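*Asks:* Letter by letter, the chains look like this.
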Amino acid sequence: AGAAESSPSASPSETAAESTLSGELNVYAAASLSAAFDAIAEEFTAENPEVKVSPVYDGSSTLVTQILEGAPADVFASADEANMDKAGDAAIDPALFASNTLVIAVPAGNPGDVKTLADLAGVTTVLCAPEVPCGAASAKLLTAAGVTVEAASLEQNVTAVLTKVAASEADAGFVYATDVIGRDDIEVIVPEGADDVVNHYPIAALADAANPDAAEAFVAFVLSDAGQKILADFGFGKP
Amino acid sequence: MSPGGARGYAPRALAVPAAVGLIFLILPLAALVARVQWSTFLADVTSEAALSALALSLSTGLIATVLCIIVGVPLALYIARSGPRLAAGLRAAVTVPLVLPPMVGGVALLYLFGRAGWLGGIGLSFSTPAVVLAQTFVALPFLVLAVEGAVRTSGVDHERTAAALGASRWTILRRITLPLAAPGIVAGVVLCFARAIGEFGATALFAGNRPGVTQTMPLAIYTAFNGAGVSQGAAAALSLLLLVTAIAVLLLVRGWRPGAAR
Amino acid sequence: MSPGGARGYAPRALAVPAAVGLIFLILPLAALVARVQWSTFLADVTSEAALSALALSLSTGLIATVLCIIVGVPLALYIARSGPRLAAGLRAAVTVPLVLPPMVGGVALLYLFGRAGWLGGIGLSFSTPAVVLAQTFVALPFLVLAVEGAVRTSGVDHERTAAALGASRWTILRRITLPLAAPGIVAGVVLCFARAIGEFGATALFAGNRPGVTQTMPLAIYTAFNGAGVSQGAAAALSLLLLVTAIAVLLLVRGWRPGAAR
Amino acid sequence: MSGLRAHVIVEREHFAVDVALDVAPGETVAVMGPSGAGKSTLLQALAGLEPLTDGEISIGGRVVDRVAAPRIRTEPMSRGVVLLGQDARLFPHLSVRENVAFGPRAGGVDARTARDSADEWLVRVGLPGAGERMPRELSGGEGQRVAVARALAASPRAVLLDEPLVALDPATAGEIRQMLRDQLAGTTTIAVTHDAADAVALAERLIVVEAGRVTQSGAVREVLASPASGFVAAIAGVNRLVGVADGGTWRHGDLRLASADAASRTLAATDGAALAAVFRPQDVRIVDETVTDAGAWRTRVTRLESTLAGVRVHTEAGAVDIALADAVGLAPGDQLRLQVDPADVRFVAC
Amino acid sequence: MSGLRAHVIVEREHFAVDVALDVAPGETVAVMGPSGAGKSTLLQALAGLEPLTDGEISIGGRVVDRVAAPRIRTEPMSRGVVLLGQDARLFPHLSVRENVAFGPRAGGVDARTARDSADEWLVRVGLPGAGERMPRELSGGEGQRVAVARALAASPRAVLLDEPLVALDPATAGEIRQMLRDQLAGTTTIAVTHDAADAVALAERLIVVEAGRVTQSGAVREVLASPASGFVAAIAGVNRLVGVADGGTWRHGDLRLASADAASRTLAATDGAALAAVFRPQDVRIVDETVTDAGAWRTRVTRLESTLAGVRVHTEAGAVDIALADAVGLAPGDQLRLQVDPADVRFVAC
Ligand SMILES: Nc1ncnc2c1ncn2[C@@H]1O[C@H](COP(=O)(O)OP(=O)(O)OP(=O)(O)O)[C@@H](O)[C@H]1O
Ligand SMILES: Nc1ncnc2c1ncn2[C@@H]1O[C@H](COP(=O)(O)OP(=O)(O)OP(=O)(O)O)[C@@H](O)[C@H]1O
Ligand SMILES: [Mg+2]
Ligand SMILES: [Mg+2]
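Chains as they are written, first to last, in my numbering: chain A, 12 to 250; chain B, 27 to 288; chain C, 27 to 288; chain D, 10 to 359; chain E, 10 to 359.
Facing chain E, from chain B, some residues (calculated, C-beta under 10 Å): (1) I198; (2) R201; (3) I202.
Simulated from the structure, these hints should not be mistaken for lab results. Model, not experiment: these values are computed from the prediction. Glycine included, every Cβ here is placed at the ideal spot set by N, Cα and C.
Using the sequences plus the hints, can you model the full thing?
*Replies:* Shown next, in the form of C-alpha cells:
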C-alpha cells in the first residue's frame, strides 16, 4: 500500500557530489521514529557536512500543533496520516515513507499464555485509546478477526501499553512492531491479519521552512534507498 | 482591625510585579478561552464521557486530598517541630515526588504496586483506587511543605500556653496549632487539591485510562487533544469545564476564605 | 529554646500517619531505583544529551524560580494583605494554572505567544526563554500560595512596630516581613523550583523538545521513555540523575535550612 | 525637637476617643487613665498606626493627619515620631543589638555607627553585653528594656511611650526612670503610665483620660492633689468624698467639715454646689463612738487591704490607714467612727 | 489542693537558677527579684515548660519531675498546675469567652457550663459583656485581665502567676488583687510580682530570688522590714547601710548609731561583724552642719527624685525624703548633713 505521489529525485551520491546545502535543519518527527531518524540524520549529515540536523521527537499531534503555531520546523514526519492532514497547507506534498504493523506484546514468559488474537479476550489486555492511531488500528484488527476484547485500559500511547505489559500489569497489548525491537522483557506474537492493518508514515517539507532546500533534500533522502534501508533496519515496513 | 494596620506596610511599587504576575497567570487562560469552539461547547462539556470524567476527577481528587490531609498534616507537624538537620532531610525526602516528572512517578508506582511489584498483592491496577493513589503521591508534597512552612511560622508559644492551661496534646492540636496555621493549611489544601485534580502523568501510567473507572478529566482532555481528526476545541472546552469546577469547589470550601481569624 | 518547648505539643500518635506518609513518598522511589539498569547507568547519565538536558533544566529552573520570586512574592504579599473577598478572588485566579493539566497550559501559552497568538510578535515560542516561561507559568502558583499562607500567618504586628520606628516600606519588607515569613517562603521556593524543574507538559507543547535548546530533563526522560526500541532503564537512570541534582541544589541553598530563626 | 498638637477622634463600635492635646516642644506629658480608657489608642493615632475618624494632628507645626478636606495622612514612618508600644514586640529574628540598631539603620545611619550606638543604649538600660542575644533569650524585664532602648535609639523628634516601665522591678524601674529623664530632656514626649510616681518623676504635665475623654489635666502634682474623679484619687492614693457646700461647711452624710483656712474661699464660693473633700487615709483616725466632734462620721467597713505600712481599711465613706496591730478583729461589715482634721482636707470642685 | 515542693536547677549558658522551695497546701507565696533573676524560669520549670537540669519537683506529694534516676517527667498538662505567663498570650483566633473557657473545656467540662463559668470569670475581672470580643480588640490591661481569668478558670490544684497585675492602673489593680485574694484562698499559689504591695496583700510568705538564688525568705512583712540586700531595701522603700557593730554602737563612715532598745541585743550579739542599718527615708532629716549629735553624718547628693510626697534625695549614704519646697536649690554633688533618730533604725545581720 504505497503512495507514489512523489518520486525519489536524486540518488544520494549525486546529492553529496553537488552538495551546496548548509545551515540547520529542524526535523520534527514522531517519537516512534526517534531511533531510526537518529541514524538517518547521521547518514544525511555525512553526505551534507554543512547541514546540522536537529531532530525533535514528540507525539505527532503535539508536533502538528506546534508547527501550526509557528514552530521553526523544516520537515515533519508524522506517525499517521491524520496528523499530516491537520498540517494542511503547511506541509508541501506529503509522501508516505514507511509503514508499521501491530504485534501482540506479552510479558517475558508469556504468563497469560497468549497465542492468538482470540486468547486476548480471556486475559488482561490493554489497548491504545480508539482516538489515537494505534488504538484505531487495534480496533480494526480485532474487528476484522471478530474478537471482542474488554480492554483493561485504553492507553494514551504505545509506550503506556508497553510499560503496562513490561510491568506484567497486563498480559497482553497491541504495540507496533518497531516498538519492541531489542527488548528482552517483552515477547512478541505476530497476530494473523496484522498485515491488513498497516499504519503509514507520511513526511513532508514545510512551507515555512527556514531551510527549504535542505528540507527537500532530507525528505528525498528518507525516501531514497539509503533512507529506506535504515528504516527497514529499525523494523519499519515499506511505505 | 484598622484597615491601615491590617494591610501592613508593603511597598506600593510592589503592585507592579504583582500585577505582572497576575496578568501572566490569567492571560494564557484568556487565550485558551478565546479558542474554545462555542458552537460545540455545550455538546463537548455535557457529553457523557466528559461528565463521568469530571465526576471521577472530583471524587478521586477530594478523596486524595483527604488522604493527603490525614497523612500530610502529621508529617508536616513532625518536620516543623524537628531540629534543622532532621527537618532538612525529611523535607528533601518529601520533595522527591515533586521533582520526579509525574510520568516517572507513575512508573515508580507501577513498579511498587503493579502485579509484579513489591506490593503487587494488593491488586490495585486499573482501578479507581489506583487513581487516588497516584494523585495522593503527586499531591502530598505540596500539602506537607506548605503546611510545614505555616506551622513553623506560627511558632510554639501558644501551644505552650495551652499546655500550661492543662490542655491535652490532641486538644492543643485541634484548638490551637491547626487553627493558628489555618492560612497556611488552607494554602496547602488548595495546592494539594489542585495538583490532584490536574494530575495526568502518573495516573495515565499507573491507573490507565478506562472511561468511568480511571479516566479522569486530564486524561479525557489528553485523549481529546490527541484524537486524530478532532479539533482541539473539545480539549479546550473540557479544560474550561475542569477549571471552572475546580475553582467552584475551592470557593465553596468554607476555609478557603480564612479571613483574618474566625 | 528548650527542646521540649521548641517541639511543641503535637500528639505522639501522629507519628503513625506521618510515618505512613513518609514511607508512601519514599517507597515508590525505592522501587524505581531497584529497576535502574546499573550496567548502562553511567553511560546513560553521562551521555552528552543527558548532561546538556540537565544543565538546561537547572539553568531554566533557577531562572524561572527567580522570576517567580520577583513577581510571586509581591503578588503573595498583595493577596495576604487584601480583604477576604478580594483575596479569595485573587487566589482563585492564581489557582488556575495549577488546576489546568500542564499540557493544556502549554496549549494556552502557545495560543498566547504562538504565531497566531495575541503576543505572537514577541517570537518566544520554541526557544529557551519559552522553557523558562512555561516553567514560570506552572510554578508561580505554588510560590504565591505558599508565601501568601506564611505571610498571613505571621501577621502585621511587627510591621507596625517597624513603621512606628521610622522604617520605610522597603526596609520593613526586607528586614521584617520577608525574614518573618522565611519558613513559608522557603517552602514556596522549594515547591516552585521543584515544580519548575519537573515541568513537562507545558514545556513539551510550548517550547518543544529540541536537544540543547528546549529539551529539559523531563523531556529527555520522556524521549528516552517513549523512544522506540529503548528499554526504560535509561529513563529511570535519568530520573535518578534529575532527582539527585535537584535535591542537592535544594540542600545547597542556604535558606533551605531555616532553623528556628537566624 | 518639635511640639505636638492634636485633636484625636477615633470611633469604634462601642467606644470613642476624643482627646485634644498640645505638647510644647521639649515638654514631657504624662497620660494616665483606667484600663481601656483609650490611652494606647491615642498614642497609636498620634503615631499614625490608627486612622482618625475625625480631627487633626500636627507635629512641629506640620499637619500630618487631617480628616477634613484637604485630607492629609502622613505615614507612621514619615512623622518623625517613635512609638514604644505597650507590648515590647521585639523582632524575634534579629539579635538584641540588631533590634536596637533597627531605628538608626532605618533612618540611614551606617551599620557601624548604628551598632555602636546600639551598644551604648544597651549600657544605658542596664544590659551591657546582651547585644548578641536573641529576644527569646531575654526575661520579661530585659525585653522591656531592650524595647525602650530601641525606641530611644531611633532619635525621634517626638517620643510616645506606652508604659515604658512595666514589667520592671522597683530598683531597675528607678534606674530606667532616671535614664529616661536624662535622655528625654528636651525631647517632646508623651508617656502613658499607670504609676503616679512615673508621672511625678518624668512629666511636667499630667493628662487624665477616662472613657475616651480628658477628665482632668494640669501640672502633675496639682492634678494629684485635687483629684476630679475617683480614678485620680485612687492613683494619688487619697480619699475623695463628694458632698455639698452648705453655708461655709461641707456635708456628706453625717460628716460635716468646717472650712479650714485655705479651703474657706472654695467653700464659700460654691455654696450649695457639689464639692469633693480630699484627704489622705493616713490622716484619718478611728475614734470612739462617743466622739461627736466636727470631722467625725460613722461608716461601715467594706474591705481590709494589707499595705506596706500596715492595713488600709476601706469603708463606704473613705479609707483609713491603721497599724497592723490595730486591725486585729476588724472585719468587713463592722461599723466604725472615723475622724479627720479639717486642716488636712482640701475641697475640690467637681 | 496540694502542696508544692521543689528543688529547681536550670542551667543556661550564662545563667543558672538553683532554687528550693516548699509551699504548703493552700498557701500563697510571693516571689520577688530583680529583672533577669530567674523568676519566670522558676515558674516555667515548675509548670513543666522548662526542662530541669537537675533537681526534683513534687506536687501534692507526687513527683512530677526528677532528673536523677528513675527519671520522671510529667508533661505540663498532667501536672494539675496552671501557669499565667508573663505575656498574656491570649489565643488570637478565639473570642475572649472561648479563651477563658479554654481551660475548663480542656479539662472536660461541657461547653455550656464552661461558657457560663467563663462569663462569671469575666465579671470577676471587671469585663462583663466582653465575651464576644476578639483579643485584638482589647486594651493591654483588658487583655491582662482576660489572661488572669483564663488561668483561674482552669481551676487548677496549684496556680503559678507571673506578674498578674502588670499593665493595670492602680484602681483596677486593687480590684483584681482583692479578687485574686478571694478566689485563691485555699489554692496553693506562687505569685511573681514586682510590687511589694502585691506581696503584702496576697501572700503569706515572700521569697526573694536574686541571680538565680534565694537570698531571703520568710513572712512578707518580716522580709521587707529586715532587708538582707539592696534589692529588698529598694522594694521595701527603705535605706539600708552596711556598717560594722563596734562595742554596742554601729559605724558607717562618720555615722555612729548607739543601740536603741530593741536593736541592742542584735548589736551586742554581732560585735565586730558587718551589720546593716535599715531606716526609712522619711525618718531622715537634713540638719545643720553644726549638728554633731549621734545619728548624724555627712554625705553627698547623687540624684534627686520627684516622688508623690515630695522629693527623695539620694545620697552616697542613704536617701532622705523632703518636701518639695525644701528641695529648691539642691543639686547632685551638694554636701549634706543628715540625721536619723536611732529609735527609727533596725539593725539587720548580713
Ligand atoms: N481593635 C479594636 N477594636 C475594637 N475595640 C478596640 C480595639 N482596640 C481597643 N479597643 C477598645 O478600645 C478601648 C481603648 O483601648 P486602649 O487600648 O486605647 O486602652 P488603654 O487606655 O490603653 O488601656 P490599658 O491601660 O488597659 O492598656 C478599650 O475599650 C478597648 O477594648
Ligand atoms: N531561652 C533562654 N535562653 C538563654 N537565656 C535565657 C532564656 N530565657 C531567659 N534567659 C535568661 O535567664 C535569666 C532569667 O530569666 P527569667 O525570665 O527567668 O527572669 P525573670 O526573673 O523572670 O526576669 P523579669 O523580671 O525581667 O521577667 C535572664 O538572665 C535571661 O536573660
Ligand atoms: Mg494601653
Ligand atoms: Mg519574668
